[in-house]
Amino acid sequence: MIFFSKKSKPKIPLEKQKLMTVNGDEAVAYAVKQCYVDVVAAYPITPQTIIVEKYSEFVADGEVHTEFIPVESEHSAMSACVGAAAAGARAFTATAANGLALMWEILYIAASLRLPIVLAVVNRALSAPINIHCDHSDAMGMRDSGWIQIFAENVQEAYDTTIQAFKIAEKALLPVAVNLDGFFLSHTLENIYMLPDDAVYEFLGGPRKVAKTYVDYLGKEVEAKLDPANPLSFGPLDLYDYYFEHKMHQVEAMKEAKKIVKEVHDEYAELSGRSYGDGILVPYEVEDADVIVTVLGSTGGTVRWVVKKLRQKGYKVGTVRIRLFRPFPFEELREILKGAKVVGVMDRAISFGSFGPSFLEVNTALYDLKEKPLLVNYVYGLGGRDVPPDLVEKMFMELLEDAKKGVVENKLRFLGVRE
Amino acid sequence: MSGSKPEPRGWRDLPLSALPYKLSLEYKTGDWRALRPVIDQSKCVKCLMCWLFCPEMAILWDGKQVSVNLDYCKGCGICAHECPVKAIKMIPEPTE
Ligand code: SF4
Ligand code: SF4
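Protein chains in written order, with our numbering: chain E, 1 to 419; chain C, 1 to 96.
Simulated from the structure, these hints should not be mistaken for laboratory data.
One thing to keep in mind: the hints can contain errors.
Stated by the list, open to error - Each pair of labels, with its calculated beta carbon distance range:
{"id": "1", "chain 1": "E", "residue 1": "T364", "chain 2": "C", "residue 2": "N69", "range": "32 to 42 Å"}
{"id": "2", "chain 1": "E", "residue 1": "Y240", "chain 2": "C", "residue 2": "K89", "range": "28 to 38 Å"}
{"id": "3", "chain 1": "E", "residue 1": "E263", "chain 2": "C", "residue 2": "G10", "range": "48 to 58 Å"}
{"id": "4", "chain 1": "E", "residue 1": "M20", "chain 2": "C", "residue 2": "G10", "range": "43 to 53 Å"}
Glycine included, each C-beta is placed from N, C-alpha and C at the ideal position.
Start from the sequences and build out the full structure, keeping to the hints where you can.
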């Protein structure tokens with residue numbers, strides 16, 4: 001949901017923003033174009049391809065100064081971004097599904113080296129069987145790699161979040177993945193507002209500024225980048241003597257990141273007039289709700305629509321869309337969910353032998369409460385399976401029934417699968 | 001973060017994640033070696049095949065003869081395998 005600010009006029013009023021009809025992939029490409037990116041290294045994979053196609057048009061037409069590296073695989077795409085970012089460049093790439101899986105090894109390296117790379121993940125199911133449609137199993141595969149993960153609900157948010165991502169990454173010194181649902185957002189046309197180029201340039205503070213760090217053997221503070229004048233090694237050996245300490249840097253950086261995501265979101269809201277909850281969670285009708293459903297990505301809109309309909313019929317239901325998945329907003333979510341009788345957690349992925357990945361997080365968020373809501377996990381929409389409102393309504397009816405009974409027998413349920 | 005601190009350091013006193021605060025030369029990577037190469041200088045014809053093939057750049061060439069830098073030799077035996085005149089023998093490290 002987009003909230004256009006009513007309180008104060010945004011710095012760039014809507015009439016000064018350009019209304020464009022684009023799909024989600026194009027929206028991301030336009031955002032990257034405005035972000036003064038030095039290097040884009042990418043390999044095309046459905047449903048991400050349009051991002052790279054569109055961006056290579058900008059490069060070919062001389063509309064950007066970006067060095068475009070058409071690599072032979074996603075492993076190389078992320079490697080090239082790591083190299084570029086280590087040299088001080090602002091770097092971007094995009095991928096989906098098996099491409100993201102192929103990047104896996106380098107994702108960890110990007111995060112551990114604290115390189116502020118931005119990656120658009122156009123969420124798609126992982127093989128086998130081969131499936132090009134929307135599913136969050138790709139994003140969940142990179143869950144523990146140390147990347148900040150944000151999920152957009154619509155094309156406008158995909159555009160806004162991509163711009164925010166560069167600022168978040170460079171402040172937090174962590175790479176950021178912007179997730180948008182394959183086809184539902186990537187290939188769907190929407191009218192969106194785009195900021196003027198100079199407003200984005202100013203918002204980001206111009207080209208990337210490299211963070212400084214003190215290095216003993218140089219005896220001074222230097223920019224943490226590959227620079228022959230101040231030689232540094234990136235990614236050398238660090239055994240049991242210091243590896244653990246270096247991991248603490250990432251733990252700490254993730255703690256900081258939540259604040260930064262909020263700050264950058266608020267600052268962007270002042271500029272554009274658009275905000276998404278508080279930047280990390282987007283609650284709707286949760287105040288007195290007996291049943292609250294959590295959801296990620298584009299399904300958020302469907303769930304909200306069903307909540308609106310059920311509210312009109314007098315049902316006390318609400319929903320909260322989780323916008324920031326890593327770092328996970330445990331405390332904030334607990335505050336919202338603690339009054340509910342039943343919480344339904346929607347997952348467009350499953351951890352085989354366990355539950356859906358976000359169910360585990362919500363469970364953890366609520367565990368310390370003395371009076372806990374009952375919890376149910378709904379795995380839905382795998383491989384792009386449609387999630388129509390009547391299916392969501394059926395879920396709410398089940399959850400209301402659970403609330404009445406006060407017990408949950410079947411904790412893991414599958415929404416929309418044929419028996 | 002300020003000047004030099006003694007070892008072992010806490011995480012707050014390290015440079016940005018995964019950047020070393022000391023030279024990588026100080027990381028001796030030969031300490032898990034099980035076999036060590038021994039060069040028979042009388043057989044060696046100074047072809048430098050061992051120098052070329054060593055993955056650790058642990059073969060040293062001073063212009064007169066080859067020797068092994070045991071701080072970095074991991075004992076893989078590639079040099080012994082490649083030596084055309086079998087001048088290199090791999091012998092077990094003492095195990096105490
Ligand atoms: S044993 Fe391996 S590491 Fe050691 S000198 Fe020979 S080739 Fe190099
Ligand atoms: S490969 Fe054998 S002969 Fe050649 S330089 Fe090395 S030790 Fe000597």
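Hint by hint, here is what the structure shows:
1. T364(E) / N69(C): 32 to 42 Å: The hint (32 to 42 Å, Cβ to Cβ) is violated, given that T364(E) and N69(C) are roughly 50 Å apart.
2. Y240(E) / K89(C): 28 to 38 Å: Holds: the Cβ-Cβ distance is about 32 Å, inside 28 to 38 Å.
3. E263(E) / G10(C): 48 to 58 Å: This hint is violated: roughly 28 Å between Cβ atoms.
4. M20(E) / G10(C): 43 to 53 Å: holds (51 Å)
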